[in-house]
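Chemist: So the chains spell out like this:
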Amino acid sequence: MQKEIHTAGEYTLSKGWRWGLCLGLIWILCWGGSGCKKRDKTVRRYQVPKETSPLPVELPTSEQPGYVWDVPQNWTEQPASGMRMATFMIPVSSGEAECSVFELVGQAGGTVENVNRWRRQLGLAADTPESIQAAAVPASGGLGEFSYFRLASEGSEGKAFLVSLMPVDGYTLFVKVACTTGDLAGLEADFLSYCKSIRRP
Amino acid sequence: MGDSYQPKYPWYAHPAIMIYATLWLMVLLVVGTLAQKGMGLYLAQQVYFSSWFFWAGPLPLPGGRLVLAVIGTSLVLKLVRERSWGLQMLGVNIVHLGAVLLLMGGFLTAYFSEEGSLWVSEGETSATVRDYHDLELALIDTSATSHDDVVAYAAGWLYPGEVITPEGTALRITVKAFARNCRLVQRKAAPESSLRGMAERFELVALGLDPQGERNRAGVLLDISGVSENTGSYLLVEHMPVEQTLSVGERSFKLVLRKEQRRLPFAIELLDFERVVYPGTDTPKSFRSVVHVVEENGLKRRAVIQMNEPLRHRGYTLYQSSFTPGQVETSVLAVVQNFGRVFPYLSSLVMCAGLLLHLLVFLPMLIQRQRKPAGSKRVEEAAA
Chain A
434 MQKEIHTAGE YTLSKGWRWG LCLGLIWILC WGGSGCKKRD KTVRRYQVPK
484 ETSPLPVELP TSEQPGYVWD VPQNWTEQPA SGMRMATFMI PVSSGEAECS
534 VFELVGQAGG TVENVNRWRR QLGLAADTPE SIQAAAVPAS GGLGEFSYFR
584 LASEGSEGKA FLVSLMPVDG YTLFVKVACT TGDLAGLEAD FLSYCKSIRR
634 P
Chain B
35 MGDSYQPKYP WYAHPAIMIY ATLWLMVLLV VGTLAQKGMG LYLAQQVYFS
85 SWFFWAGPLP LPGGRLVLAV IGTSLVLKLV RERSWGLQML GVNIVHLGAV
135 LLLMGGFLTA YFSEEGSLWV SEGETSATVR DYHDLELALI DTSATSHDDV
185 VAYAAGWLYP GEVITPEGTA LRITVKAFAR NCRLVQRKAA PESSLRGMAE
235 RFELVALGLD PQGERNRAGV LLDISGVSEN TGSYLLVEHM PVEQTLSVGE
285 RSFKLVLRKE QRRLPFAIEL LDFERVVYPG TDTPKSFRSV VHVVEENGLK
335 RRAVIQMNEP LRHRGYTLYQ SSFTPGQVET SVLAVVQNFG RVFPYLSSLV
385 MCAGLLLHLL VFLPMLIQRQ RKPAGSKRVE EAAA
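Going down the list, the protein sequences come from chains A and B. With my numbering as the guide, the letters of the first sequence map in order to residues 434 to 634. With my numbering as the guide, the letters of the second sequence map in order to residues 35 to 418.
Note that these hints are calculated values from the structure, not bench results.
Subject to a maximum C-alpha distance of 30 Å in a straight line, what follows is the list of computed BS3-like cross-link-like pairs (lysine-lysine): (1) B:K319 to B:K334; (2) A:K474 to B:K210; (3) B:K293 to A:K474.
Generate coordinates for the entire structure from the input sequences, incorporating the hints supplied.
Modeler: Right, dumping it as structure tokens:
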């Protein structure tokens with residue numbers, strides 16, 4: 434049998450070798466491409482009106498074990514709904530007030546921004562950070578130090594809020610009572626008692 | 035006998051491309067669906083469907099984007115080089131054109147669409163859309179009384195070693211560490227003198243990504259220099275309890291790590307939010323937001339956004355997504371800008387037209403075949 438002699442110029446790769454080299458090249462390109470992902474390094478510049486306040490970000494509540502509390506005698510707990518941890522209906526002279534409890538990540542926009550947002554909801558003008566700090570009523574309870582605010586619009590039939598903000602492990606627990614201005618004073622004692630009773634199990 | 039087989043199709047338009055590509059898409063669908071349970075929907079989409087390739091161990095495998103690109107290229111080449119546009123092939127070619135339109139729409143959606151959420155409370159107005167996933171580092175100049183000047187650095191800047199030098203300031207911000215999901219841990223040891231703000235009391239601990247993407251809380255450690263009163267290391271996390279402020283001369287800034295925010299060319303004023311429940315239950319039947327669409331010139335237009343009835347305005351589509359309950363409720367609207375949104379409809383129409391045409395062209399022949407006696411068919415075949 435005549436032996437086939439190949440010179441360097443005549444030598445060709447077999448089909449298997451060609452496939453192998455192609456696949457190897459593809460692998461190298463993929464590996465190189467993985468390390469060279471394009472990053473978005475755009476820089477955007479724009480203006481926003483001063484009044485725009487960051488809204489609370491309601492995210493799934495923490496994985497923490499939850500809270501327990503002592504419910505004032507005449508408060509009626511409602512079924513849990515949406516993102517609220519609890520809702521209570523409170524009989525008052527003008528009908529019923531509502532207390533809602535919810536937890537947001539971080540300070541959920543900041544105390545000043547939240548208080549001004551509630552003020553706007555009551556038809557009140559935004560207040561300065563200094564006035565808001567001065568209006569905060571300090572208190573202490575099962576979750577530590579916290580503060581609450583009395584916010585009321587004009588007239589006894591106007592809307593009013595009692596709101597407490599309790600920082601807990603990187604979250605903020607809000608307790609918010611919505612009532613009329615005329616009922617605000619009468620609800621404060623029970624509201625404060627409830628807030629102070631909130632604690633970890 | 036002995037003649038070599040002549041392929042009917044050119045290599046770029048061979049049906050095998052479509053067959054194997056479709057089979058691989060089915061595999062991707064199954065694998066991606068199973069994977070999303072562990073890694074979360076968004077990450078599974080990114081890895082299996084929106085990628086050009088992904089790694090299965092040491093092996094690179096084609097991702098959804100590559101497979102669709104191959105299908106699209108094959109179809110386009112076939113149409114461009116198609117010589118047969120006679121009546122018999124016209125319907126088929128039109129169907130293929132419809133498929134190309136569908137893939138073009140997918141391309142536009144993949145590369146140019148944006149979506150996010152807009153949160154607005156009753157009685158308030160907002161034009162800010164927050165992205166669901168992408169982050170930004172925002173340096174906000176709060177010095178002016180009437181407005182804030184925002185400079186937002188996209189997520190590509192949030193890598194260790196990146197240096198940000200904001201224009202008009204002497205600040206130099208160097209990213210020391212970044213974690214897409216993190217936890218803050220209180221420092222046990224006394225802080226170094228260079229640590230400022232939250233970094234004095236907390237340190238960053240990186241965590242694995244949570245499958246539920248919204249639970250991931252990003253954090254970044256920055257070195258700030260260039261202005262002596264601000265020099266030091268700062269820790270920022272998403273939704274941090276107290277925003278980090280900086281004073282540079284007479285100017286005051288806030289430095290915020292947050293989801294990317296964009297401004298709409300119009301604003302939404304929420305007049306009223308309604309939540310309708312099924313009678314006798316607490317199960318929501320529908321959510322409804324009555325809004326004013328406020329243009330830049332101040333003109334207002336009343337509109338209602340509710341489930342299955344979005345608002346379409348200036349290329350944006352606003353859907354009723356969710357709400358935050360309370361005495362004064364906050365409506366959450368999903369905002370989508372999708373340049374490819376009409377392509378699926380267009381593609382469906384074109385493909386239907388192509389199929390109909392194909393049917394009409396071949397219907398007389400089919401009817402004729404039905405009518406011919408069985409014997410005549412055998413005679414014809416024998417003659418052939």
